[in-house]
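Novice: Taken in order, these protein sequences are the chains called A and B.
Following our numbering, the numbering of the first sequence begins with 1 at its first residue and continues without gaps.
Following our numbering, the numbering of the second sequence begins with 1 at its first residue and continues without gaps.
Hints are computed from structural coordinates only; laboratory data are not their basis.
Be aware that a few hints might be false.
Unchecked claim - Not everything, but these chain B residues come out facing chain A in the computed CB check (under 8 Å):
#: 1; residue: Lys192
#: 2; residue: Met193
#: 3; residue: Asn235
#: 4; residue: Thr282
#: 5; residue: Ser286
#: 6; residue: Glu290
#: 7; residue: Ser291
#: 8; residue: Leu294
#: 9; residue: His353
#: 10; residue: Ala373
Note that the Cβ used here is the ideal one computed from N, Cα and C, for glycine as well.
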Amino acid sequence: MWGEIKRALAQSTERFLTRFADLLPGTAALLVAVLISIALGFLLAVIVRRVLTSMQFDQRLTQWGFHSSSEWPLLKSPTLLISRTIAALIIVAGFLIGIAAFDAEWTSLLARSIFAYIPNMLGAVLVLVVGSVIARYLSRSVLIGAVNLNLSYARLLSVGVRWLVLVLAVAMALEHLRIATGIVELAFGILFGGIVFALALAVGLGSKDLITKSLERDAQKVSGEKIEEPFRHV
Amino acid sequence: MEVEPISQPPAPKVEPVTSADLVLGVVAEIDDESLIALCDSLRTLPGSPIIAALRNDHASVQAGATSEASEKMHSPYFVPWPSSKTDDPGTPVVNIATAYQSAFAVSEQLNARACCIVASTIEDAKPEWIRELVQPLLEEDFDLVSPQYALRKFEGLLNSSVISPLTRCLYGKRIRNPMGPDLGISRRLFTKMLGTEKTGVHPLASIAPAALCDNLKVCQVLVGPRTYPPPDWTNISSLVAQILSPIFADMEKRAACWQRTRSSTPLPSFGKPVLLSQDTGTVDVSRMVESFQLGNRNLQEIWDLVLPPSTLLELRKLARLPLEQFRMPNDLWVRIVFDFALAHRLRTINRDHLLKSMTPLYLAWVAGFARDAEAADASGVEQILERLAVAYESAKPYLVSRWRWPDRFNP
């Protein structure tokens, strides 16, 4: 009896040690893959950062009318953001390659499906970043324009435009990620329609005076009445 | 009996103009007869200079001459004005920048001693003020003759509030209308301007600074009131952006020159002052003040990026003042202009956004100025503007300091 127990224990210990020994090469490969990817990622990040800095990428982005680097929502500098994203992607890729080295069927499948999903994730991130930049640019344009037109609801218009673009960007990103597409479409339709309706109501009700004044001015022009404006700026 | 058709007399053969002493470009609407009369008048100047008149075909059609008539009109003065036509037939105003550059190019081709460009409406058949604008160029060897218009108190406000005092403070010369737009320019200067064509700065914004930085001879001519069609500026912010952008861009280009200049001196002046009657009634500034208050409530996120905290604090205090006490102090306005010029240089935000967000601040200055000037006569208005110009000069060390060390004042 005692002998059988000892034999069973010895067999299970042997099986455990065999399995553990089987894992060791895979673990070593994973470690090596992660270390190499960290080094590669760091190197590439440094190269990308130097290239973008020499191109004055941050300043150029601002010149193209997008953003001041100090207001960048994700990181302080777009150059840093891009270089760090590249480094992170390379490290993640190295980790997935390392997992595949375990030679187990499920790890290979997992790695393959994650790799197949990466383009969607990248697309979604790009859509979000561009959407955020466009939303800020447009909302600022609308805010300044509305203030200069003396519209008291300038802030509301600006926020409305920002949310319209952001909602659109988020819906597009979720579509890219293939997450609950049906619900996203429905929710997007409701939200987008709701914001447009709310804005239309707010602007329509708020701009009654503006439209009346504009019509009066047009009527004066048609009847040939001279509009006296004491101030001439040029 | 057959009647022979009366044959049209053959058009006199006109020799093409190959050289001239003076090239005259009239951007405003003018018919051919008036242009010829103007050239005849300039021809009587001492030395009988040879005149070449740039003909803006589009403007002459607008002025009433049919296209057929204008085709038939021949004159020894006329030379074609390349690139002066506007693409949009509904817009009588040609592109001033292109018109100036092409006028300079033609002047150089014709080896002219000087070039005179008139953008204001010509009301008389033989306007004396154009002769006066040309005379210092041909007789006194001046390089730039700028106009000094007789203005009513609420005219030319952007020039009075920014362009003129800023140019005076930067380059040390008390020039009243540095951007003309009616200017007399010597060969030395227009050749120089042709060389800087590709810098992208509007020529009107660079002519006076170029002349002043190179120590060329500059004078002013008192030309009386300026007549021009009222621009349809329903949106003042576009006006502010379009005018200030080239000025700030030129300021950036000439930073090395203006940082050396201290104080200012008057320019030689010609002509007799013309006094216009000034209204002394009250003006309604409530809409401008409301516009400023609205801007103060909503544009803080932009102003925060441009203006230092002390200025923002003063603006908040200003926004709380009742209408009857509303005045923007000169030193506050001057610092605002300097800070916006710096933000334009640093591209802190999109330049169009930046300049358009300045409009409520400009309207606040106009409201304060209107309050001060509404009861003043011409000399009173002069004193107000002189105090503003002095404030610009006094604050120049602030500008130089911020320009050199922009981060030092940042919030």
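Novice: Compare the structure with each hint and give your call.
Specialist: Tested hints:
no.	hint	result
1	Lys192	violated (26 Å)
2	Met193	violated (22 Å)
3	Asn235	holds (7 Å)
4	Thr282	violated (10 Å)
5	Ser286	violated (11 Å)
6	Glu290	holds (7 Å)
7	Ser291	holds (5 Å)
8	Leu294	holds (6 Å)
9	His353	holds (6 Å)
10	Ala373	violated (11 Å)
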